[in-house]
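Student: For the record, the sequence lines run as chains A and B. Position 182 of the first sequence, counting from 1, maps to 182 under the UniProt record's numbering, and the rest follow consecutively. Position 185 of the second sequence, counting from 1, maps to 185 under the UniProt record's numbering, and the rest follow consecutively.
Hints may contain errors.
Only pairs whose alpha carbons sit at most 27 angstroms apart, straight line, appear in this in silico BS3-like list of lysine-lysine [unchecked claim]:
id, chain 1, residue 1, chain 2, residue 2
1, B, 157, A, 106
2, A, 106, A, 170
3, B, 157, A, 170
Not everything, but these chain A residues come out facing chain B in the computed CB check (under 7 angstroms) [claimed, not checked]:
id, residue
4, 25
5, 29
6, 32
7, 81
8, 83
9, 85
10, 102
11, 263
12, 265
13, 266
14, 270
Pairwise CB distance ranges, derived in the manner of DEER restraints [stated by the list, open to error]:
id, chain 1, residue 1, chain 2, residue 2, range
15, B, 293, A, 23, 45 to 53 angstroms
16, B, 161, A, 281, 25 to 33 angstroms
17, B, 82, A, 142, 23 to 31 angstroms
18, B, 211, A, 263, 54 to 62 angstroms
Hints were generated in silico from the structure; no laboratory data involved. Ideal Cβ positions, reconstructed from N, Cα and C, are used throughout, including at glycine.
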Amino acid sequence: MASQTRQRRRNLWIYAFLMPTFILYGVYTIYPIVASYWYSFVEWNGFSAEQRFVGISNYEAVLADPLFWSSVRITLLFMLVVAPLRVFGAFFLAILLNSPRLPFAKFFRTVYFLPVVTTTAIIGVVMRFILDPGAGPVAAVVGWFGLPPVDLLGDSATALVTTALVYVWKFFGITMIYWLAALQTIPQDVYDAARVDGAGGVRIFRHITLPMLLPFLLIITVLTIEDCFHAFDLMQTMTAGGPFYSTEIIEIYIYRWAFAASIPQLGFASAAAVLFGVLVLVLVALQGWATLTSQRLRSQSTEKGRA
Amino acid sequence: MSTLAAQRRHDPRAGDGTREPDDGRPAPTAHAPRRRGWWIVALVLAVVAFVWVFPFLWMVSASLKSPGEIFAGGLNLIPETLAWENYGRAWTEGRFGQYLLNTVIVTVTTTAIVVVRCALAGYVIGRYRFPGSRLVIGIFVATLFVPTGYTIIPIVKVSLELGLLNSLAGMILALGGASNVAAILIYAGYFRRMPADLEEAAIVDGAGFLRVFLRIMLPLSMPVTATVGILTFLATWNAFFLPLVFSSTNPDLRTVSVGMQAFVGENSTDWAAMAAAGVISILPVVVLFVFMQKYFVEGIAGAVKA
Numbered sequence: 001m002a003s004q005t006r007q008r009r010r011n012l013w014i015y016a017f018l019m020p021t022f023i024l025y026g027v028y029t030i031y032p033i034v035a036s037y038w039y040s041f042v043e044w045n046g047f048s049a050e051q052r053f054v055g056i057s058n059y060e061a062v063l064a065d066p067l068f069w070s071s072v073r074i075t076l077l078f079m080l081v082v083a084p085l086r087v088f089g090a091f092f093l094a095i096l097l098n099s100p101r102l103p104f105a106k107f108f109r110t111v112y113f114l115p116v117v118t119t120t121a122i123i124g125v126v127m128r129f130i131l132d133p134g135a136g137p138v139a140a141v142v143g144w145f146g147l148p149p150v151d152l153l154g155d156s157a158t159a160l161v162t163t164a165l166v167y168v169w170k171f172f173g174i175t176m177i178y179w180l181a182a183l184q185t186i187p188q189d190v191y192d193a194a195r196v197d198g199a200g201g202v203r204i205f206r207h208i209t210l211p212m213l214l215p216f217l218l219i220i221t222v223l224t225i226e227d228c229f230h231a232f233d234l235m236q237t238m239t240a241g242g243p244f245y246s247t248e249i250i251e252i253y254i255y256r257w258a259f260a261a262s263i264p265q266l267g268f269a270s271a272a273a274v275l276f277g278v279l280v281l282v283l284v285a286l287q288g289w290a291t292l293t294s295q296r297l298r299s300q301s302t303e304k305g306r307a
Numbered sequence: 001m002s003t004l005a006a007q008r009r010h011d012p013r014a015g016d017g018t019r020e021p022d023d024g025r026p027a028p029t030a031h032a033p034r035r036r037g038w039w040i041v042a043l044v045l046a047v048v049a050f051v052w053v054f055p056f057l058w059m060v061s062a063s064l065k066s067p068g069e070i071f072a073g074g075l076n077l078i079p080e081t082l083a084w085e086n087y088g089r090a091w092t093e094g095r096f097g098q099y100l101l102n103t104v105i106v107t108v109t110t111t112a113i114v115v116v117r118c119a120l121a122g123y124v125i126g127r128y129r130f131p132g133s134r135l136v137i138g139i140f141v142a143t144l145f146v147p148t149g150y151t152i153i154p155i156v157k158v159s160l161e162l163g164l165l166n167s168l169a170g171m172i173l174a175l176g177g178a179s180n181v182a183a184i185l186i187y188a189g190y191f192r193r194m195p196a197d198l199e200e201a202a203i204v205d206g207a208g209f210l211r212v213f214l215r216i217m218l219p220l221s222m223p224v225t226a227t228v229g230i231l232t233f234l235a236t237w238n239a240f241f242l243p244l245v246f247s248s249t250n251p252d253l254r255t256v257s258v259g260m261q262a263f264v265g266e267n268s269t270d271w272a273a274m275a276a277a278g279v280i281s282i283l284p285v286v287v288l289f290v291f292m293q294k295y296f297v298e299g300i301a302g303a304v305k306a
């Protein structure tokens with residue numbers, strides 16, 4: 001009896017501890033996820049309280065909008081450019097920076113990490129200066145080579161690649177730290193043993209470093225791809241989706257319809273948001289499946305190795 | 001470092017390592033070129049590093065140039081004159097004094113809220129089984145990857161209905177209530193690994209649930225608190241989407257990242273003041289980063305190891 005009371009009191013404390021998160025998370029994360037579904041079925045301009053239920057017509061409208069599909073394509077393309085560059089580029093850099101023989105390794109880590117901590121929206125504006133075809137330093141470098149001035153952000157043919165590369169630069173340091181953390185999980189004595197056995201740098205890399213890092217490849221790829229869905233800040237401040245919608249990722253598409261339009265179409269934007277959420281979910285699920293599969297394969301191969 | 005020394009000891013041909021031939025001739029031994037190889041790598045990395053930080057150097061330099069000098073273009077990083085008045089224009093006309101204050105208020109309060117609520121939630125999730133605990137964890141994990149673009153419309157609607165849309169408090173609550181699942185999971189993992197005898201001894205001494213948490217668990221979790229605190233601070237300082245939407249009807253609520261946008265829109269010719277505004281906005285986080293580097297790096301690295 002006494003222990004039951006204690007148990008009940010303990011549970012009360014537990015729920016009390018969870019209360020702040022329940023309230024804040026419920027209001028600002030869980031409820032919005034659910035509400036997005038509801039909004040996507042109504043017609044609503046955000047000014048009036050009136051919300052008219054319109055069934056799936058918002059979805060029909062979104063799916064019929066070529067610009068929505070263009071934003072999906074741009075979001076995925078952006079991911080395809082950014083993720084491999086970040087994952088493999090940062091891997092290469094981390095290998096170099098992890099070497100005890102490299103002079104000033106610590107200094108380089110700090111420098112390459114620096115863009116990560118700076119405010120993305122400000123970087124967006126600074127990059128507009130840097131890439132300005134009239135007065136920016138990039139234009140000056142192009143001028144040295146006697147080439148005609150280029151407007152990298154103003155030309156719809158180059159804008160997406162340019163913003164993607166700036167994005168890679170901005171967040172490269174995070175992926176680098178991921179890899180450095182992964183490298184540190186390899187115990188030093190494994191290397192020492194290999195060296196005593198006479199293995200050279202290349203062989204140690206191929207037969208020890210690479211296999212031991214393989215499990216991290218998936219985790220780091222997942223984290224990096226997930227990151228690619230948070231490109232709004234940089235894209236909105238650099239190009240705001242332009243020119244001619246060539247850099248309009250889905251978040252900018254949603255923002256444009258919900259907040260930047262003179263007559264907001266919140267129902268329509270919500271339908272786009274829900275579809276975006278589904279896309280993210282599908283990708284995350286695919287990655288989860290890939291992770292599990294690779295883990296299963298790995299444990300199978302170790303068992304075979306033992307037998 | 002120690003491996004390098006060991007390597008030298010093992011290989012008599014490597015010499016003492018101090019007499020690197022610097023004249024470009026092929027080195028006479030098998031190992032010397034490799035060591036020089038690392039110096040070449042360092043040189044290449046240094047050049048890349050210069051390009052890497054060039055946008056920052058350029059911004060600082062532009063913030064001190066006269067408007068005419070900026071438009072003359074070029075790569076010159078050293079300004080002819082030091083035009084400190086750019087900072088004055090950014091501070092008063094650009095209202096970056098106000099925006100900086102807003103940013104500090106929003107960031108500090110949001111960080112405090114997130115740390116407190118994540119520590120509390122992480123503690124009970126990591127340490128206890130209770131009715132519904134599986135469900136709670138399940139919901140957290142399911143919402144780990146929610147993008148802001150997905151939830152922003154209902155957040156604005158809710159804030160409007162609560163009368164919070166036109167206040168810093170509304171912005172703070174929205175930022176502090178957004179997905180911070182990673183922080184909760186980091187706390188939970190840390191508390192789970194703490195040895196049980198610590199709290200058992202305290203319970204024998206008659207300490208209750210709250211006392212155990214406040215006196216024993218919380219003080220021991222300082223490293224996590226530092227990590228979560230700094231990462232939240234950084235994310236909030238740099239936040240753009242939410243502050244943009246929350247301050248769209250009230251310019252007094254702008255944070256530095258939104259203020260920069262507005263400034264560009266209104267004064268698109270005053271690049272010098274814009275660069276100064278950028279320096280004002282970025283400097284605090286860079287300084288924080290330089291001093292707290294260890295925690296940033298540990299926090300991010302923790303995401304991989306977890």
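Student: Each hint: holds or not?
Tutor: How the hints compare with the structure:
Between residue 157/B and residue 106/A, the direct Cα distance comes to roughly 47 angstroms. Violation of the 27 angstroms bound is thereby established for this hinted pair. Distance check on the hinted pair: residue 106/A and residue 170/A sit about 19 angstroms apart at the alpha-carbon level, within 27 angstroms; holds. Taking the CA atoms of residue 157/B and residue 170/A, the gap is near 32 angstroms; set against the 27 angstroms cutoff, the hint is violated. At its closest, the beta carbon of residue 25/A sits 6 angstroms from a beta carbon of chain B; the interface hint therefore holds under the 7 angstroms criterion.
At a threshold of 7 angstroms, the smallest CB-CB gap from residue 29/A to chain B is about 5 angstroms, leaving the interface hint in force. At its closest, the beta carbon of residue 32/A sits 4 angstroms from a beta carbon of chain B; the interface hint therefore holds under the 7 angstroms criterion. Among the interface hints, the one on residue 81/A is violated; its C-beta lies about 19 angstroms from the nearest C-beta in chain B, farther than the 7 angstroms criterion. Checking residue 83/A against chain B by beta carbon gives a least distance of about 15 angstroms; that is not within 7 angstroms, so the hint is violated.
For residue 85/A, the shortest C-beta to C-beta distance to chain B is roughly 14 angstroms, which exceeds 7 angstroms, and the interface hint is violated. With a least beta-carbon distance of about 5 angstroms to chain B, the hint placing residue 102/A at the interface is held under the 7 angstroms criterion. A distance limit of 7 angstroms between C-beta atoms decides the matter here; for residue 263/A the minimum to chain B is near 15 angstroms, and the interface restraint is violated. A distance limit of 7 angstroms between C-beta atoms decides the matter here; for residue 265/A the minimum to chain B is near 11 angstroms, and the interface restraint is violated.
Below 7 angstroms, beta-carbon pairs count as interface contacts, and residue 266/A has one with chain B at about 6 angstroms; its hint therefore holds. For residue 270/A, the interface hint holds, since its Cβ comes within 7 angstroms of a Cβ in chain B; the closest pair sits about 6 angstroms apart. Here the CB-CB span from residue 293/B to residue 23/A is close to 34 angstroms, at odds with the stated 45 to 53 angstroms. At roughly 28 angstroms, the beta-carbon separation of residue 161/B and residue 281/A lies within the given 25 to 33 angstroms, and the hint holds.
Here the CB-CB span from residue 82/B to residue 142/A is close to 29 angstroms, well matched to the stated 23 to 31 angstroms. Taking the beta carbon of each, residue 211/B and residue 263/A are about 57 angstroms apart, inside 54 to 62 angstroms as hinted.
In this structure, the hints that do not hold are numbers 1, 3, 7, 8, 9, 11, 12 and 15, in rising order.
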